[in-house]
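K.L.:
Chain B: place on chain A using the hints.
There are 2 protein chains.
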Amino acid sequence: MINGEGWSKTWTFFEGSWHEGNVPIMGPRTHAAWLCSIVFDGARAFEGVTPDLELHCARVNVSAVKLYLKPMVSTETWVKLAHEGIARFEKGAALYIRPMYWAEKEGPWVQAHDPESTRWCLSIYEAPMRTPKGFSITLSPYRRPTIESMPVDAKAGCLYPNNARSLFEAQARGFDNAVVCDLLGNIAELATSNIFMAKDGVVFTPVANGTFLAGITRQ
Amino acid sequence: MINGEGWSKTWTFFEGSWHEGNVPIMGPRTHAAWLCSIVFDGARAFEGVTPDLELHCARVNVSAVKLYLKPMVSTETWVKLAHEGIARFEKGAALYIRPMYWAEKEGPWVQAHDPESTRWCLSIYEAPMRTPKGFSITLSPYRRPTIESMPVDAKAGCLYPNNARSLFEAQARGFDNAVVCDLLGNIAELATSNIFMAKDGVVFTPVANGTFLAGITRQ
Chain A
673 MINGEGWSKT
683 WTFFEGSWHE
693 GNVPIMGPRT
703 HAAWLCSIVF
713 DGARAFEGVT
723 PDLELHCARV
733 NVSAVKLYLK
743 PMVSTETWVK
753 LAHEGIARFE
763 KGAALYIRPM
773 YWAEKEGPWV
783 QAHDPESTRW
793 CLSIYEAPMR
803 TPKGFSITLS
813 PYRRPTIESM
823 PVDAKAGCLY
833 PNNARSLFEA
843 QARGFDNAVV
853 CDLLGNIAEL
863 ATSNIFMAKD
873 GVVFTPVANG
883 TFLAGITRQ
Chain B
673 MINGEGWSKT
683 WTFFEGSWHE
693 GNVPIMGPRT
703 HAAWLCSIVF
713 DGARAFEGVT
723 PDLELHCARV
733 NVSAVKLYLK
743 PMVSTETWVK
753 LAHEGIARFE
763 KGAALYIRPM
773 YWAEKEGPWV
783 QAHDPESTRW
793 CLSIYEAPMR
803 TPKGFSITLS
813 PYRRPTIESM
823 PVDAKAGCLY
833 PNNARSLFEA
843 QARGFDNAVV
853 CDLLGNIAEL
863 ATSNIFMAKD
873 GVVFTPVANG
883 TFLAGITRQ
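Protein chains in written order, with our numbering: chain A, 673 to 891; chain B, 673 to 891.
Among these hints, one or two may not hold up.
It does not matter which identical chain is used: a pair holds within one copy or between any two.
[Claimed, not checked] Calculated cross-link-like contacts (lysine-lysine; reagent style DSSO-like; alpha-carbon spacing at most 27 Å):
no. : residue 1 : residue 2
1   : K738      : K871
2   : K805      : K742
3   : K752      : K871
4   : K805      : K738
5   : K777      : K805
6   : K805      : K871
7   : K681      : K871
8   : K681      : K777
Calculated directly from the structure, the hints in this document are not laboratory data.
Isolated chain A (complex conformation) (with noise of 0.2 Å):
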């Protein structure tokens, strides 16, 4: 059932082999189904390099920490998986690699999660590079949380539903994408990266001040 249809080549290694498809891994218990305990990282494959993957594997260690997760998976174990998993796919395919650590369980208080539960997979699935074009973007009237109160310096999942509505709100009035701001009205990102603007041969990029994530890229 929730295989589904639909979705692109994929492989995933959970709890010690190799699954193909959307193999289960959380039911209504699991802490990070509804109560989003769960960090994760996406590096990229394709033509046959991997750039950044192992700086990927080790910002995701990182988040782990942040959020109270164990972080069990060493990055040269990340990365040896990753180059395990690519190999199930055809040569020089673009793929998304997708480290994550999320709770099981729930702890005295059920906000927060049992750390001892913690459990990860690597998911690998076919996914073109975005073709180099155009798109329309409009100022946001959602904004960036603050440090003190969301964990802005880590990859979390729980950062992501406010980019989405950002993305459906400018939707919602006819363009692709929004510029987002901090709440003091800085610019800060994209809905859905970080933001960069080349003019005259300079490429000028917001200061890294805390409530967006750096990327590996923009470094």
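P.N.:
Quick look at chain B alone, frame taken from chain A:
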């Protein structure tokens, strides 16, 4: 595998029938499993009563709309299913009744889901009422996000990791729970619920200023 051990008795209505245990509902490709496109609500059954069950069921539909999910279950159907589920437990059992909506698929920009792929379930499980004894609280360094920076007008899963880290941080300092302020420094709520103070026979609670969900019990 994902059913795991140690769950209290659980029944979930998903995809047209009742399932016992932690039935699989999400895989690694499921949008909500990593990008947290999920809303829920929580009602209680105990001693044969279900206070405000209809209000909780109506509120999950409002939360769905705020998160651009499709509220495809009427309040009446939620309530009818809840009573069906409750009948699967011992008479008078203390239960948590949790209706949920989430997104299965991504839209053209991955961060925003496809509203047409909304799924839902109703999960009911044994959960003892909290013993009415005291607990210690401290002031959290974390804050509630604003309405511009998070969907604080919905009961959305994405709001909870900030509560969780407030609990973890307080517990690391030897306290049970934490008072969380809004970004202006006003007392907003506890990390786990709305806050009330009873003094000289008068009950006080912060003004609902849009930085936290004014609970059904509070109202």
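K.L.:
If a hint holds in the structure, say so; if it doesn't, say that too.
P.N.:
Going down the list of hints, with the structure as the test:
no., hint, verdict
1, K738 with K871, "neither (36 Å within a copy, 38 Å between copies)"
2, K805 with K742, "neither (40 Å within a copy, 31 Å between copies)"
3, K752 with K871, "neither (40 Å within a copy, 61 Å between copies)"
4, K805 with K738, "neither (36 Å within a copy, 31 Å between copies)"
5, K777 with K805, "between (44 Å within a copy, 24 Å between copies)"
6, K805 with K871, "within (18 Å within a copy, 63 Å between copies)"
7, K681 with K871, "neither (39 Å within a copy, 61 Å between copies)"
8, K681 with K777, "between (30 Å within a copy, 14 Å between copies)"
Checked against the numbered hints listed earlier, the structure breaks hints 1, 2, 3, 4 and 7; every other hint is satisfied.
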